[in-house]
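> In the order they appear, the protein sequences are chains A and B.
Residue 1 is where the first sequence starts when you use the working numbering, and the numbers rise one by one after that.
Residue 237 is where the second sequence starts when you use the working numbering, and the numbers rise one by one after that.
Check the hints yourself; a few may be wrong.
Computed footprint of chain B on chain A; a stretch qualifies when at least three of its residues, placed anywhere within it, have a C-beta under 8 Å from a C-beta of chain B [what the hints assert, rightly or not]:
(1) 64–74
(2) 92–103
(3) 118–129
Residues from chain B that face chain A, not an exhaustive set, calculated with beta carbons under 10 Å [what the hints assert, rightly or not]:
(4) L348
(5) D352
(6) R354
(7) K355
(8) I419
Quick caveat, the hints were computed from the structure, so don't treat them as lab data.
Treat the numbers as computed from the prediction; the structure is a model and nothing was measured.
Backbone N, C-alpha and C fix where the C-beta goes; we use that ideal spot for every residue, glycine too.
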Amino acid sequence: MEPILSTHGLTAHYGDFQALFGVDIDVRQGETIAIIGANGAGKSTLMRAITGLLQNAPDAITLRGEGIGALSAPEVLERGISMVPEGRRLFPSLSVEENLLIGGHTRTGNGVWNLETVYEIVPILKERRDHPGTALSGGQQQMVAIGRALMSNPDVLLCDELSLGLAPVVIKEIYASFPKIKERGASVVVVEQDIGQAMKIADRVYCMMEGRVTLQGRPDELSREDIHNAYFGVAS
Amino acid sequence: MIWIDTLVQGVLLGGLYALFAAGLSLVFGVMRLVNLAHGDLIVLAAFVILSVATALNLNPFVAAVIAIPVMFAVGWVLQTYLLNRVLGDDILPPLLVTFGLSVVIQNGLLELFSADSRKLTAGSIEAESVSLGGVTVGVMPLLTFVSAVLVIFALNQIFYRTKLGRAFRATSDDREAVGLMGIRPNNVFAIATGIAMVVATIAALYLGIRANFDPSIGPARLLYAFEAVIIGGLGSLWGTLAGGVIIGVSQALGAAINPEWQILSGHVAFVVVLLVRPRGLFPRSKD
Chain A
1 MEPILSTHGL
11 TAHYGDFQAL
21 FGVDIDVRQG
31 ETIAIIGANG
41 AGKSTLMRAI
51 TGLLQNAPDA
61 ITLRGEGIGA
71 LSAPEVLERG
81 ISMVPEGRRL
91 FPSLSVEENL
101 LIGGHTRTGN
111 GVWNLETVYE
121 IVPILKERRD
131 HPGTALSGGQ
141 QQMVAIGRAL
151 MSNPDVLLCD
161 ELSLGLAPVV
171 IKEIYASFPK
181 IKERGASVVV
191 VEQDIGQAMK
201 IADRVYCMME
211 GRVTLQGRPD
221 ELSREDIHNA
231 YFGVAS
Chain B
237 MIWIDTLVQG
247 VLLGGLYALF
257 AAGLSLVFGV
267 MRLVNLAHGD
277 LIVLAAFVIL
287 SVATALNLNP
297 FVAAVIAIPV
307 MFAVGWVLQT
317 YLLNRVLGDD
327 ILPPLLVTFG
337 LSVVIQNGLL
347 ELFSADSRKL
357 TAGSIEAESV
367 SLGGVTVGVM
377 PLLTFVSAVL
387 VIFALNQIFY
397 RTKLGRAFRA
407 TSDDREAVGL
417 MGIRPNNVFA
427 IATGIAMVVA
437 TIAALYLGIR
447 ANFDPSIGPA
457 RLLYAFEAVI
467 IGGLGSLWGT
477 LAGGVIIGVS
487 QALGAAINPE
497 WQILSGHVAF
507 VVVLLVRPRG
517 LFPRSKD
């Protein structure tokens, strides 16, 4: 199957510092991809590059064959990629419901995702709809951020470090909503430091280290040793 | 009775100051930009109304209706081609650019319209008055105050009840994250400045009918506007109205005691409020 989203030898720089060195990943329709790696491996930079927060050569990133590497964040969103950013980045001046609505700011057609369907998978948000988004618990805020990203009805949903700063039980709850998201058709890319969690939800895994992909494959194909080596760069 | 009369006149004058300040407050609220040319842009709007009124032989109220879209366009262009280029983490470049803009507008107006003092003439309505519970108030000051309340109400509705207002607040919160929502911050800022210029035009209409104006009076209007915004608390529109009223009432009370104290009293009230409430009366919690 042709991938819906691909990167081709993707590089990224912060000033003189090179953060990505020729990263190739493919995401196919309906697939869940996990990108694992230690701090500073370049996972979040990869997410920022795909969403247009970092500029690139046009053909370094393709969506359904179209080069989107040089597009701005709003242009990338309009083409069907949305992101749950690291640290959630909810808007403190907006209520829960407004945070969700602004995720669908530019939508024109009727997609599967709207306020009703988001509230369906996270009913607590409906109860708290008028609270400031940032007044919720960390896990609930994360669900608002996911709901917000779904509101644009993306073809590809990127999730950057969903579990950061959350209790394990909360992380489990968040990932429990993923099958419902997947069954509605979006491809999902999660960046995750928690290897166990990533292996559970992903169809395929990419491991990154120091700005490069060091390992890829289906979770059942990869041994603990392979992952350990790819993650830390040393033999166990 | 004379004190009540003074108080009422002060409140009504405060409406004019609130109109000066509302655009400034809006722009600061959305993009954290302190526009030092705001007073001069009000004067520019007054000259646009004057030019339209003179050229087409119109009442200034009708001329203002024509001037409003013109000034919206001026604001949009100014933001898109000038101010957006200097907005960033550093607050100094926009201050310098708007200061420069202030000088350019003043000198441009001087070149075009000379230093002569001008006035908008609205006819007999300027001299009309109504009696409100024993206090006689001029129709124009009353209209100014009512307009200020309506403008602030409308801006609040836009801010808190519309999709555009949601984009205003979100962009103010996190300029990068709104890009991920498909919102282009520069467009949002351009619309905000356009709306601020619409409010500036309404302020210019009442300024021009109430008193004489010439190209040099912008900075003093800016000062009143600033004081109203700071007294009210940065980013709070109703606070801005309260700030305008406090300055207006202080000036009226000062003038009643001694006419020389009018302007000074307004500034003293500003300092006193800052001493007691350094963040203004109704600060937004996160500013």
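> Please name the hints from earlier in the document that this structure breaks, with their numbers sorted from lowest to highest.
3, 4, 5, 6, 7
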